[in-house]
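> The lines below spell out each chain.
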Amino acid sequence: MEERANELVMQMIKTIKALQMYGKSHPSYRSFFAPFFQKISEFLKEYSEFSLKVDRFTMAYADKVIYDEAEKDTSISFRLFRDGIRNITFYEGLTEEELMLFTETISQPAKEQDIALILWECDFAHITFFVVEEEEEPMSYVLPDTPPVDIDYDAFIRDILNREKIDINVNLNPILVYNELEELKQEIETEESRPQLPKAINILIDFLNTEKAQEIIDSLIGLLELCINNNDFYNARRIVHKLQTYPEIKPLERFENETTVTGFSRLCDPLDDKSFNEFVAFIGFFSQKTIPYFIRILTLVKRKERLESLMQRIAYMCQNDLAPVIDFLAGGNVYEVINAIGIAGIMKNRAVIKHLNALAVHPDARVRSALAQTYAELGELKKVAALTDDHDPDVRIKALQMLTLNQYTRIYPELLRRTRQKDFKLLDYTEQKEIFSCMVANGDKKLTRLLEKMLFKRKLFGAKAYRNMRRLAAMGLSQIGTEEAMKTLQAGLNKKNKDIKMACEMVVRG
Amino acid sequence: MTTAVNIQNSARELITLFYSLAKSMQVYDVNNDVVQNAAKKLSLHVTELFRTLPMAEIVLYRDYIFFNKQRLRYDVEGYVSLQFLEESMKRLRIKNLTFMPGIAVLELIRFAGIFKGSKNTFLKAYALEKLKSIAIDFMTTEDDLPEFFKDSERVKKTYFKALKVTKNLIQNLWSRQPIDSKGFRRVVYALVDNLSRDEFGLVSLTAIKNFDEYTFNHSLNVGILSLAVGQRTNLSKKGLVKLGTAGLLHDIGKVDIPKELLYKPSKPTPEEWETIKLHSAYGVKQIIKTRGLDEIGVSALIGAYQHHWNYDGTGYPGEPKTGRETSLIARIIRICDAYDAMTTPRPYQPIPYLPSIAIRVLWARHGFYFDPLLLKVFIQVLGMYPTGSCLELNTGETAIVIRQNFGYLDLPIIQVILDKNKERIKGSIVDLTTRTDIKIVTPVYAQKYGINPSTYFV
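Those sequence lines, one after another, are chains X and E. Quick note, the first sequence lines up with residues 1 to 510 if you use this note's numbering. Quick note, the second sequence lines up with residues 1 to 458 if you use this note's numbering.
Read the hints as simulated data drawn from the structure, not as lab findings. All values derive from a computational prediction rather than experimental measurement. One should not assume that every hint holds.
Covered by chain E, according to a simulated footprint, are these stretches of chain X (three or more residues, beta-carbon under 8 Å) [what the hints assert, rightly or not]:
id: 1; segment: 113-121
id: 2; segment: 151-157
id: 3; segment: 171-177
id: 4; segment: 181-187
id: 5; segment: 381-392
27 Å max Cα-Cα, derived DSSO-like pairs, lysine-lysine [stated by the list, open to error]:
id: 6; chain 1: E; residue 1: 277; chain 2: X; residue 2: 242
id: 7; chain 1: X; residue 1: 45; chain 2: E; residue 2: 69
id: 8; chain 1: X; residue 1: 53; chain 2: E; residue 2: 237
What follows is a set of in silico ranges between Cβ atoms, one per label pair, in the way DEER data are often shown [stated by the list, open to error]:
id: 9; chain 1: E; residue 1: 70; chain 2: X; residue 2: 194; range: 27 to 37 Å
id: 10; chain 1: E; residue 1: 132; chain 2: X; residue 2: 82; range: 55 to 65 Å
id: 11; chain 1: X; residue 1: 179; chain 2: E; residue 2: 181; range: 37 to 47 Å
id: 12; chain 1: E; residue 1: 129; chain 2: X; residue 2: 152; range: 58 to 68 Å
id: 13; chain 1: E; residue 1: 419; chain 2: X; residue 2: 170; range: 23 to 33 Å
id: 14; chain 1: X; residue 1: 171; chain 2: E; residue 2: 129; range: 36 to 46 Å
id: 15; chain 1: E; residue 1: 132; chain 2: X; residue 2: 179; range: 36 to 46 Å
id: 16; chain 1: E; residue 1: 435; chain 2: X; residue 2: 65; range: 52 to 62 Å
id: 17; chain 1: X; residue 1: 170; chain 2: E; residue 2: 324; range: 24 to 34 Å
id: 18; chain 1: X; residue 1: 28; chain 2: E; residue 2: 181; range: 30 to 40 Å
id: 19; chain 1: E; residue 1: 70; chain 2: X; residue 2: 171; range: 33 to 43 Å
Note that beta-carbon positions come from the ideal geometry of N, C-alpha and C, so glycine has one too.
For reference, chain X alone in the conformation it holds in the complex (with noise of 0.2 Å):
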């Protein structure tokens, strides 16, 4: 048994030294602590308790000494002794939570922790220990006196009474009901897992109402890096709104630093929605020079929603200044490069655009694509249009896209001269339709009557190669939808042509 004993406290102290050396999600510090847990697990299961009598360097087991460490600094007992505790006793039915709490708070370096209260605070339920209190003179008290004040005792009552409006005689109820103690019950759950760090904010928040005092504004600082590493920005952000009062503050100036900045990237996508908001609108309070970090962990975020917002607030923080934009244009990573192009479109300033002219023969598509849109955004049409005749059809889809959203009539001649031409059924039907999309949203009133032709036309020859034509005729008349253009559509659903009544069936009944 005391060899048991023995071996049970070599392994607790191998356990404990590699939780300090490695930290407790190092597999050193799991490869100590499994066979600790089994060991101590059977050894219960056995005898029931364990117990371990501290001394200032020695842990003894049945009165025998098995653990003796005469070096302050790394002595397990001298620790426990320090602060009083004299004895530990486990005891079966100990849970692994409990002895891998344990370890980690007797492993814990800091000099100024008392441990007998955070082993009192963890509330053990199967490990018991016994705190001997400093050494005190013996108990000696006097009790006060009552000062004797000559008046009718009796008459006072009364007056009480009669001021309270009270009846001594009346019974009071002060039974809790049923109801009343589930209600409490309830409360009292809700309020102890509910943080209470909010309210604390609220309280440091309206002081600063009343009395600027530096305590309250270092604790709110203080608060605010506890409030971003828990993920909570609503809170952050209202202590740094509540700070710029005082213009001196620069509540986030420690955090702006790109290690800080490039953590938020883990936070983008997994973030839930009120949280990524929040989260948002907290970092339009940093400050300009942290903008290229942020444009940096812009290429980390997968969610092309969040990737968006968090653009807008990066294009919101510029305030118009293009100049951490503009370095980006000229860099060499393709993903910053888009970004950077897409906040410049955001922040419609026009004196951008001379940098973004050299990047209309990028060689990445991608690049060119980010770059009609973003055309489209300054109003820079014609260079949109030019786009339209890219090599890469990703790009051209892409600036027909901007000039169906932003109207460019000038594009529709050319257009309808693609149209005609023979390498047009060599398209992707995909850009077929952006470019009769493109015709629908920037042609002329003739428009109608031509595709009318066009989804009518008698094919002797080549009728089948010419179904898509008819196609994209009756789609251009679905999306013109005056009542011209669904009359015709109606007209060609009694046609006999079965090619004209398909494509017309295809966009009237879907």
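Given chain X's structure and the hints, the job is docking chain E onto it.
Quick look at chain E alone, frame taken from chain X:
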């Protein structure tokens, strides 16, 4: 081995099931399904219990119920059944009640059936039933002696040490000296531990009122009373530490209020009141300085700031919230602070309210100033005649309340101190739950007879 936690849970379950059976037998016939089912459930639980325990012994000792030598704590969930058991054991003069292995369903039903009525009818029925697996020890005259006097030294030691530490803390803050935060934290833990062992003993010490050291005594008293309310509401140990710390530190902002104003012998002017009212906000600064903003510090900060927020949304500072929007901790402290302030002599209030009148004043404002449910819990802790109350009895004698009786809010344990002729005597200690012939007529000021009530219960 059966662990302490398991024993607590099993015991509570046993008592709850027994309570259900006894209650069902008051309403239904013995053959009714409700009774039969309740008995079966109890029997199953008892059988399960005996797999790990040799017997199930319930002992009424002082004001507490012990199960196999482990004290059962009252919590919100088991409150009613535990209260029922304690009341019944007191009424029937049962000291020990032991269930032994092999107990049958029928035996449980027969026992639950006689577990009502008076002591005499119970004694007769118990003798007739000849229950083999249920043993009972009845109280003797010796058991009537209030043994809590014997080992109250530890509780007193904790109280006075806490007082010393609180005093040092506040004085050091006043004089801008470093504070002993470790000592302060340990005191909170000691209070929590002692409270779980002897709630009435520790709470009774809050009746010590000190005119000269109002600030220190008041802080400690509010801390203890808050803890007692927290314990009754079944707050976790950590929750109690937060509450206790908040209670002890609730008025810490007063160190920033000029002393001459705090100790002014006359009633403060409206302008002076406005200055005094700043203590809640100043408390925030002091807590940050003394405690920091860890989890416990945050709770203390909330307590200090909100402890003058009323349940109806009035109060100060800032913009008080209504009802339960205010923190639970602050609502508990609000009640304890008001009670202790009312019952303590202060420079501008040399004669305080009598504790029993203060209770009624609080009650009159429940739902307005105070949370009604928490106020009920508070009154359960203190009773209608809190310890230290001086009472005129129907016998013509005068007595001091020296202890509360759990479950009997208006029937405390008293000690007669003046005879019919108002001559001082060292009278007997009387448990009013056992003496229906003795009635309380009215509460009076002990000072009327030149008596310091603390001398009787400290």
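> Work down the list of hints and note, for each, if the structure agrees.
Hints, one by one, checked against the model:
| no. | hint | result |
| --- | --- | --- |
| 1 | 113-121 | holds (count 5) |
| 2 | 151-157 | holds (count 5) |
| 3 | 171-177 | holds (count 4) |
| 4 | 181-187 | holds (count 5) |
| 5 | 381-392 | violated (count 0) |
| 6 | E:277 / X:242 | holds (24 Å) |
| 7 | X:45 / E:69 | holds (23 Å) |
| 8 | X:53 / E:237 | holds (26 Å) |
| 9 | E:70 / X:194: 27 to 37 Å | holds (32 Å) |
| 10 | E:132 / X:82: 55 to 65 Å | holds (56 Å) |
| 11 | X:179 / E:181: 37 to 47 Å | holds (42 Å) |
| 12 | E:129 / X:152: 58 to 68 Å | holds (59 Å) |
| 13 | E:419 / X:170: 23 to 33 Å | holds (30 Å) |
| 14 | X:171 / E:129: 36 to 46 Å | holds (37 Å) |
| 15 | E:132 / X:179: 36 to 46 Å | holds (41 Å) |
| 16 | E:435 / X:65: 52 to 62 Å | holds (59 Å) |
| 17 | X:170 / E:324: 24 to 34 Å | holds (28 Å) |
| 18 | X:28 / E:181: 30 to 40 Å | holds (35 Å) |
| 19 | E:70 / X:171: 33 to 43 Å | holds (36 Å) |
When the structure is compared with the earlier hints, a violation turns up for hint 5 alone.
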